[in-house]
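*Asks:* One-letter residues, chain by chain:
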Amino acid sequence: MASWIRLAWLIAAKDLRVELRSKTALLSSLVFAALVLVVFNFARDASLVSSTVLAPSVLWITIAFAAVIALNRAFNLERENASMSGLLLAPISRGVIYVGKFLANLAFVAAVELVTLPLFVLFFNVDIWDSLGGLLGVMALASIGFVAVGTIFSAMVVKTRFAELMLPVLLLPFMVPPLIGAVQVTTRLLSGRPLSEMLGWLRLLAVYDVVFVTLCVMVFPALVDE
Amino acid sequence: MNSELASARRIIRLGFALTAIALIAVAGVYVRALMYTPIEVRQGAAQKIFYVHAPAAWAALMAFSVVGIVSALYLWLKDPRLDLFAASSAEVGLAFSVVMLTTGPIWGKPVWGTWWTWDARLTLTLMIFLLFLGYLTLRAALSDPSERARFSAVVGILGLVLVPFIHLSVYLFRTLHPAPILLKPSKPSLPDSMLATLLYALATFTLLYIGFVTTRYGLARAVAAQSGREGTDA
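Chains as they are written, first to last, in this note's numbering: chain D, 559 to 784; chain F, 5 to 238.
If we strip away everything but chain F, and leave its shape as in the complex, we get:
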């Protein structure tokens, strides 16, 4: 039991270290974005929020995929640590999707002239936010740890399968969101300096996500170790 607590402490320390490095790198992203990256001609300074918005969206989607994949692994291997990891990823993903959903409208108002529109990608990200909320609400409503792990794993898997359907069905409406600029068949349509800043931001947010999840996972492990049984409480 003590060794369990000790290993949880090690995970938390690792998480803190990764988070600290990521936060320094994030500060670097903004110095670079604000001082060394050109201002976009048509959108002006509002475009700078893109360097927060896009990486936050990226991290939220990554968190969502991790929840689904780790949930499937949990149902296969039945290792309670996987359940704790999926739950940690969902909490961190919820935080990133809040960042995504607040920075989006702030950019949308000056550039599109509206806070919100029912565009395919906006709807998809809103649904991901709501699925995170549903997943975490269900966890909070269940007291039996085994039930909580199994049920939330099922929600995680079904949610991951749902996402392409939501995207496809909403995409068949007209889309307003800027078209993909990075992951498209031809060359990315960004000037090199902006592209470099974006890629740097994506990398640092990935690291930030890993740091947050590691810390949260370590905390969940510590709580589980404290309450005596593995995976009793998170």
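Only chain D is shown next, with the shape it has when bound in the complex:
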């Protein structure tokens, strides 16, 4: 078990190292997130809709779009020089490869979220200091599930034409439950509601994570084994 985690981490670390050397995908995802936030600000009538009402949806739509952009990268990396075949030749189980990719994607999406959050505070003038811990928690809880599914889909779409277009078409339906839950919890967090009002949603998010991470580990071998 320990070596299993270590191997998965090696794959994740490889991906992150490649990314940190070029920084193209990370930077473009961050710029994209910032731009979505800016555009959203002009997409409302400031005198009619207060920013606090709109804030949770803006935050989560931005995260969702930026995550889709970021997830496109995961298996694009392995397309060049047939490096996917190299990865598959390694004497490790397919599940380890999946978990490694999943962890790298999670770190990647987390980085995008951690930059989006302060920009969101800056642009929308929301006070998140009191609910910061809760916000980070719900970000993690909501992201695990859709990143798990997104990792599977990004492995598929690299084999298609128009991969960048195919990924959102497949992934956005799977983002609906985590997004609804995350927006509901964020709204309650920002207005200082008690934990008991969010518990149902948090449970839904947790069950979604457990079910989809398990299912994705199970189906991943079917994607890569001819």
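In case anyone wonders, no lab produced these hints; they're calculated from the structure. Possibly wrong hints are sitting among the right ones.
[As the list claims (entries may be wrong)] Here are the simulated distance ranges between beta carbons: (1) D:S561 <-> F:T141: 34 to 44 Å; (2) F:T141 <-> D:S641: 24 to 34 Å; (3) D:V596 <-> F:T121: 23 to 33 Å.
[What the hints assert, rightly or not] Calculated cross-link-like contacts (lysine to aspartate or glutamate; reagent style DMTMM-like; alpha-carbon spacing at most 25 Å): (4) D:K717 <-> F:E44; (5) D:K717 <-> F:E95; (6) D:K581 <-> D:E722; (7) F:K82 <-> D:D783; (8) D:K717 <-> F:E8; (9) F:K82 <-> F:E151; (10) D:K717 <-> F:E151.
C-beta: ideal position from N, C-alpha, C; glycine also.
Starting from the known structure of chain D, arrange chain F on it as the hints suggest.
*Replies:* What follows is chain F alone, placed relative to chain D:
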């Protein structure tokens, strides 16, 4: 190879026969619904669309479940015929969900006063329609038959697991759709004549679904046989 083509032809003929019987039965549904079933007091004649809408929704959901279950079987048994069957069910399901999504608003406008609302079941059926589209778009974008079969099977399985989550999360919003009238713990809250028409409609749409899928599956088998290798093209 010729025997493969011959068996595909037999499947298509069976599909045509089933579809023909189902279409006659569907005509019967409308004669019964329009002439022998009472008009609903509050909704008036608009309620008649219910005998198309509900069975179409039923057939779409059934098609969706079949895609998920057959996909799981495909990953287990790796029989290319299962892949062709799942794809056929998805195409037919897409057609039924289009019927469901067009008849729904036509009924909703006079009765609810709005074409569309983000009610739990409406959202769920819209998502099923979008998942069908995603599944079929992915199939169209992949040229390698083995890849296409494996990838779309994964989408089919994940989609089936997603549906309860979408339903649950959207259900926690307020719901406007008429409450379940058939599958509920107490006795169905429909007059017997309407209930009989509805059950008859559900049965004929099930048969129609089976007829369509059988025909489409036979065609896929014929195409596969023609192109030489099993499951090469659908």
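*Asks:* Do the beta carbons of V596 of chain D and T121 of chain F sit within 23 to 33 Å of each other?
*Replies:* holds (32 Å)
*Asks:* For K717 of chain D and E151 of chain F, compute the direct alpha-carbon distance and say whether it is at most 25 Å.
*Replies:* holds (9 Å)
*Asks:* Just to be sure I understand the hint, the distance between the Cβ atoms of T141 of chain F and S641 of chain D should be within 24 to 34 Å; is that true here?
*Replies:* Hint holds: Cβ distance 27 Å, inside 24 to 34 Å.
*Asks:* When you check the alpha-carbon spacing of K581 of chain D and E722 of chain D, does it fall within 25 Å?
*Replies:* Satisfied, since the Cα-Cα distance of roughly 19 Å is no more than 25 Å.
*Asks:* Take a look at whether the Cβ-Cβ distance between S561 of chain D and T141 of chain F falls inside 34 to 44 Å.
*Replies:* The hint (34 to 44 Å, Cβ to Cβ) holds, given that S561 of chain D and T141 of chain F are roughly 40 Å apart.
*Asks:* Given the proposed pairing of K717 of chain D with E8 of chain F, does the C-alpha separation stay at or below 25 Å?
*Replies:* violated (30 Å)
*Asks:* Within 25 Å, alpha carbon to alpha carbon, are K82 of chain F and E151 of chain F?
*Replies:* Measuring from Cα to Cα gives roughly 12 Å; hence the hint holds.
*Asks:* If you draw a straight line from the CA of K717 of chain D to the CA of E95 of chain F, is it 25 Å or shorter?
*Replies:* Status holds; Cα separation ~22 Å.
*Asks:* Given the proposed pairing of K82 of chain F with D783 of chain D, does the C-alpha separation stay at or below 25 Å?
*Replies:* holds (12 Å)
*Asks:* Within 25 Å, alpha carbon to alpha carbon, are K717 of chain D and E44 of chain F?
*Replies:* Distance ~53 Å between K717 of chain D and E44 of chain F Cα, so the pair is violated.
The structure shown violates the earlier hints numbered 4 and 8.
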